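Construct the entire structure; sequences and hints are all you get.
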Amino acid sequence: QVQLVESGGGLVQAGESLRLSCAASESIFSFDAMGWYRQAPGKERELVATISSAGTTNYADSVKGRFTISRDNAKNTVYLQMNSLKPEDTAIYYCAAHLVGSTYWGQGTQVTVSS
7 QVQLVESGGG LVQAGESLRL SCAASESIFS FDAMGWYRQA PGKERELVAT
57 ISSAGTTNYA DSVKGRFTIS RDNAKNTVYL QMNSLKPEDT AIYYCAAHLV
107 GSTYWGQGTQ VTVSS
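Using the working numbering, you'd call the opening residue of the sequence shown number 7 and step up by one each time.
Don't read these hints as lab results, they were simulated from the structure. These numbers come from a predicted model, not from an experiment.
What follows is a set of in silico ranges between Cβ atoms, one per label pair, in the way DEER data are often shown:
1. 33 <-> 121: 36 to 42 Å
2. 67 <-> 20: 18 to 24 Å
3. 59 <-> 19: 34 to 40 Å
In silico DSS-like links for lysine-lysine, alpha-carbon gap of 25 Å or less:
4. 49 <-> 92
5. 70 <-> 92
6. 49 <-> 70
Ideal placement from N, C-alpha and C gives every residue a C-beta, glycine not left out.
Here you go:
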């Protein structure tokens, strides 16, 4: 079973940037898609962005134009570049690896944006 380890979270002020990384224990090319999700206190986990094995990307409306998902297959790593951060982006961010019928999750990394 693949292991996913997120890093790069932290405390920033509104308007600043962060880059999250998700390192996988095996080739990410074998997965149909990789994604980033987030869960704020008292809310359900929601999609942030996904990237397919072909490189097709998909974003939540709330992050379009500010966040960019990318992948480095050689490093088995997926990134989430987050610019112009807002307090409402505060959440635990989770990396996911998708196969038909299965999803694997990382442990999450906390992102806190102060106003």
